[in-house]
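*Asks:* Below, each chain spelled out in residue letters.
2 protein chains.
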Amino acid sequence: MNYAILAVLAGVLALLYSFWRTIWITKKDPGTEKMQKIGSYIAEGAMAFLKAEYKVLVIFVIAVAILLGISGANTTDSHPLVALSFIVGAFCSGLAGFLGMRVATKANYRTTNAARKSLSEALAIAFAGGSVMGMGVVGLGVLGLGGLFIFYEYFFGFEGDKVVQVLNVLSGFSLGASSIALFARVGGGIYTKAADVGADLVGKVEAGIPEDHPLNPATIADNVGDNVGDVAGMGADLFESYVGSILGSMVLGATFIPVLQNIDGMGGLSAVLLPLVLAGIGIIVSILGSFAVRIGESGNPQTALNRGELLAGILMLAASYFAIIGMLPAEWKAPGILTGEERIFTANGVFFATVFGLIAGILVGFVTEYYTGTGKPPVIQIVKQSTTGPATNIIAGLGVGMQSTAIPIILIAAAIMVSYYFAGLYGVAIAALGMLANTGIQLAVDAYGPISDNAGGIAEMSEQPPEVRQRTDKLDAVGNTTAAIGKGFAIASAALTALALFSAFMKQANVSSINVSDPNVMAGLFLGGMLPFLFSSLAMGAVGRAAMDMINEVRRQFTEIPELKAALEVMKKHHGETHNLKGKDKEIFEAADGKAQYAKCVEISTKAAIREMVMPGLLAVIVPVLVGFVFGANALGGLLAGVTVTGVLMAIFQSNAGGAWDNAKKMFEGGIEINGKHYKKGSDAHKAAVVGDTVGDPLKDTSGPSLNILIKLMSVVALVIAPLIK
Amino acid sequence: MNYAILAVLAGVLALLYSFWRTIWITKKDPGTEKMQKIGSYIAEGAMAFLKAEYKVLVIFVIAVAILLGISGANTTDSHPLVALSFIVGAFCSGLAGFLGMRVATKANYRTTNAARKSLSEALAIAFAGGSVMGMGVVGLGVLGLGGLFIFYEYFFGFEGDKVVQVLNVLSGFSLGASSIALFARVGGGIYTKAADVGADLVGKVEAGIPEDHPLNPATIADNVGDNVGDVAGMGADLFESYVGSILGSMVLGATFIPVLQNIDGMGGLSAVLLPLVLAGIGIIVSILGSFAVRIGESGNPQTALNRGELLAGILMLAASYFAIIGMLPAEWKAPGILTGEERIFTANGVFFATVFGLIAGILVGFVTEYYTGTGKPPVIQIVKQSTTGPATNIIAGLGVGMQSTAIPIILIAAAIMVSYYFAGLYGVAIAALGMLANTGIQLAVDAYGPISDNAGGIAEMSEQPPEVRQRTDKLDAVGNTTAAIGKGFAIASAALTALALFSAFMKQANVSSINVSDPNVMAGLFLGGMLPFLFSSLAMGAVGRAAMDMINEVRRQFTEIPELKAALEVMKKHHGETHNLKGKDKEIFEAADGKAQYAKCVEISTKAAIREMVMPGLLAVIVPVLVGFVFGANALGGLLAGVTVTGVLMAIFQSNAGGAWDNAKKMFEGGIEINGKHYKKGSDAHKAAVVGDTVGDPLKDTSGPSLNILIKLMSVVALVIAPLIK
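Chains as they are written, first to last, in the working numbering: chain L, 73 to 798; chain P, 73 to 798.
Check the hints yourself; a few may be wrong.
Pairs involving identical chains hold if they fit within one copy or between any two copies, as the list cannot separate such chains.
Said to hold, decoys possible - Okay, derived cross-link-like pairs now, DMTMM-like style, lysine to aspartate or glutamate, Cα gap no bigger than 20 Å in a straight line:
1. Lys-276 x Asp-756
2. Lys-456 x Asp-621
3. Lys-100 x Glu-659
4. Lys-644 x Glu-283
5. Lys-749 x Glu-539
6. Lys-759 x Glu-278
7. Lys-127 x Glu-283
8. Lys-645 x Glu-283
9. Lys-123 x Asp-149
10. Lys-759 x Glu-414
11. Lys-106 x Glu-283
12. Lys-749 x Glu-278
13. Lys-456 x Glu-278
14. Lys-798 x Glu-231
15. Lys-749 x Asp-621
16. Lys-656 x Glu-641
17. Lys-127 x Glu-116
Note that these hints are calculated values from the structure, not bench results.
Small disclaimer: the values here were computed from a predicted structure and weren't measured.
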């Protein structure tokens, strides 16, 4: 139990760090009045979205909590307290999103202001903003899981066989985290892409306004979108991955209790506590790593981020070796979790599983970088195919996306087999956890991106001199490789965590074999495999409809607001170049300032996102329950296997196709030479590449990343209902 | 054994029918000299492709046959004769493609000529051409399988336990059929799309030549493509489905031998022979049905086709009831094929399984029609989204394709569960066979389409008066619903056949459970699930590269052949309207006649298709062998389950997305009203729809249909190597 308390303390430490950095940021100079005004628009819009979203989610949480409470009371293996776990999990997830976004919307314009002076100062603020999010997520995750675990242990008593019940009840926490995450990811994804597409199609393409220009009514919504999608959505996403991988390892670790209780000196709990301890260590090394992220004016932000991540990674590897060797016995014999056959487990084996998981995750990241990176053969292939028009660009992008699944899947399959070889299913779960232990700093780097992006938008809208925008662009441009490796970890760990949760489900549902040739299982496999397709189509349809709403609103403002209309004419006359207007044109232009009704656009995006997130979200929760109760645990097992396999595949396909299209478009922006011919920005080939990028947007930012959550959420739902259907 | 002989006789009858119709067609008036010349270009091009393809395949067949012979000699459950089965299967598949294509390339220009006189005569010839293909496929299938079965029974002896060995050896036939089918489908698909895209992009778009115009050097290749892709490719495809479903049912039927041998009066073989008998009945009802396909001048070809199919369907249902009740005992008790638990089987149950399979297949067809049909909501959705450009058109099409997987998968899952409920795994296999028993007439209808399409092309190239083209267009326009239902059967039966073959594999490999939570199985599941993605990307990449070759060749001819260059100038001057040229323009135009080097384009398409078909084809054969031998039967089982699930999903997604894009484009061709605005042919919205159609082409005609073969081929490979890895 002491170990659990130590982990909880690390969680508290993370929250304190978060709190300290928040205060530090708040004290920074908020910049000019205009910056502050724009910043507050964005902050208000983002908070308005969260408020609207949480209003809906509260109903969902209460409804599910009641059902969980009732069902928990009707089985001996669970308890009504599962409802409490669920509520706490959902609350922590929501809180992590809220805290992260609040600081992000404070950090963004302060970063802009700092960029007026120096790159190093701007990096410091943007990264501090990201690290508040990162540490908040891991802090709340460890504190919530560890705190509840300790509480339940005291509540239910310390006998070994009570731990299974404790973990059943605790699984509600993961369910809360995952369901909120899915809604947040889907809702945020719809919001950000609807605003983005709306701002681009009407603003940039139809009206010819430059990106992030204050005349465009959707521009604030677009920047709000970066926060609700890329900050709050991603935070909730990683929160659920983190919590899911810890819980999955704990449940599988519990199977060793009967064997370990006389040898590990912790009443057999060593394998259960190890995941919490590893998570705690991850927090501490993340904090240490984050201190290494700093540069001078001429320094490269990429180097700084890499230094921080690398330091944290090496420390984690070393510390986890000692934690594993220290906590687990050197060797023990136990029946395989599902097969029942005795095999030998070793502490070294568990460590090797972790190492191999890390290697697989890093390699998946490099493959991701290869398939989506600017200047790499696949992206160049798309660039070349853009010269014969949008159709060949799309075909090439689809091909690249599909092909990019091959090596990551081989790596994931190898990771499963190797970590199983070294430490059974527990090894698979620990390998997944190993990839996510450094979520603290990983997420800090991820969230730093949208903050820098926002800072650039604010620089543009508040009409700062070009060198400010150049500095924020420099911040924004880096972190791609780091983000790619983060994605690799997210995908690989999702597959492994899903497998761990799947085994945990089988264990709790008392099913020893999900036989593929059983027609119920095969039917489940087909149904499960279909869900990511249906889910993606719903998400894409939602983005389409929401974007339409936005397009209509922007068009309305452009025709109904006379000042905007006049300013647009001026802008057209000067081909978008409005920095040196004179005389009457300048007057007209200045009269339009502030006339765009940003709030309307924010409201439309919010409403559309909230409305559209409900269907796909409910689908993920209801289908496994339905299949489990109607067709039984075997069909449900098939469903989980199906959704995991196609979910991982579709996630990789969609994310990488979208990423590759995005960078193919970017390669045209500075002009490019292909087969001896020069193509500049605005050429037909560039336009074809823009089509690909637009197609890729909902794939890579809405449906793709949601699928990682979908597969884990469905597994957790199954795990929670397992005691009821066995 | 008498039943097997009856079935073989039905096969002979089908071949006689085929032969008779071929002679009938050959005697028809071949039309004007120009028609004959164009017809012979197409026929020569098609035969040149087949020749080149078969040259490569012979090497493949010999190599695999040697391996099979060696491996067959080294296991007691198989025999070197498996190599003979393989060679015969491959030969029959190749022969079916050859015969079908030869008659199709005779029927096409005779249909054009008949269309000069009447619609009914043209329909008769086009349908007769299709029926030669249809009857050839089923005749060779039943004759080959039935003949070999009888031969092996005599060779190995009639003891009950010898049948398992006989079926192991016979599975080589299915392997031969499937591997040739995959190469033919992929090669044909690459050929036809490379020619199509090449002809369209340079000819129609760049040079402004109307479709099928003799000035376009790729136009003959385009028409050859219809034959090698849609006729020969589809023939080989259905041949393998047909053979696979018969063989799968026979293998599963063999498990009943110990129970049935004292009660069915056929030495226990009733359940083994039933599939052959059902196939034989299917041949006879198909012939009867084909006599019902005839119309008068004002009649609707659709009605005629429907009448034929419906008649055959009703007769089949009635006859199969009597066959099942007549051959199988009313009730018998047997252990479940894989579970080993005793259950009761009934003849009625087997019949109900068949009926439910048919219903599911028809419903899948209607859903296909709904998602891809002109004027239906999904296609209208794509049409609407085309008004905001190609990007939204693509997003909408991807969404429609993904969404369209949902109901078919639910139907397939239901078909699996219900037919299993009624008659176990044998019921699942028989349900699949039930959908394919009428392949004779179904394929006749399918192959009638490309013949009519070709006839239209020849009418255009030989400069016939417009009413001829109108008649052939009328022929070509129908059969969509019939084709959609055919597709439904193909998809649903592929899933069920794969499951049957999968169970047959498990039975022969002596594996009683493929447990999803076994890490080897899970790894296999991931790898298998990835293959359809990799395979599709290879196919799409191949089309892209082959099309590039074609584009470069057409561009070369347009610049290097002075007569063509001059004629193109004339055509540009008259905006493509060249029917009433006068004076010098007419002279220039006529001078270009016959200058386009069609043969060059045919050669390029051929070379590219042959080159590009090898990789994806080998992938399908080598991967299961590799996984089976290296990681064992369990991992191979996982691989098969994975490839089946994502293969079916990707096939539905790609086929339906492609079909929907195609029809969305067609809806623009006559001009269309959307939200009160009129969009005509050539508008930006139409151009956006053309982009979607081009993207859909390789999806629906190359990779999508190949996936159905891929999943069965991999299952058959596993079945064949099962005795070696158990």
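*Asks:* For each hint, tell me whether it holds in the structure or not.
*Replies:* Results of checking the hints against the structure:
1. Lys-276 x Asp-756: Classified as both: same-chain Cα gap 16 Å, cross-chain 18 Å, threshold 20 Å.
2. Lys-456 x Asp-621: between (34 Å within a copy, 15 Å between copies)
3. Lys-100 x Glu-659: neither (35 Å within a copy, 82 Å between copies)
4. Lys-644 x Glu-283: within (15 Å within a copy, 41 Å between copies)
5. Lys-749 x Glu-539: neither (32 Å within a copy, 46 Å between copies)
6. Lys-759 x Glu-278: For Lys-759 and Glu-278, the Cα distance is within 20 Å both inside one copy (14 Å) and across copies (18 Å).
7. Lys-127 x Glu-283: neither (32 Å within a copy, 58 Å between copies)
8. Lys-645 x Glu-283: Result: close within a single copy only, 18 Å intra versus 43 Å inter.
9. Lys-123 x Asp-149: neither (36 Å within a copy, 68 Å between copies)
10. Lys-759 x Glu-414: neither (62 Å within a copy, 65 Å between copies)
11. Lys-106 x Glu-283: within (18 Å within a copy, 59 Å between copies)
12. Lys-749 x Glu-278: So Lys-749 and Glu-278 pass the 20 Å test across copies only (18 Å; inside, 28 Å).
13. Lys-456 x Glu-278: So Lys-456 and Glu-278 pass the 20 Å test across copies only (18 Å; inside, 27 Å).
14. Lys-798 x Glu-231: Intra 23 Å, inter 45 Å, cutoff 20 Å: neither.
15. Lys-749 x Asp-621: between (40 Å within a copy, 19 Å between copies)
16. Lys-656 x Glu-641: Classified as within; 12 Å inside a copy, 51 Å across copies.
17. Lys-127 x Glu-116: within (16 Å within a copy, 70 Å between copies)
In this structure, the hints that do not hold are numbers 3, 5, 7, 9, 10 and 14, in rising order.
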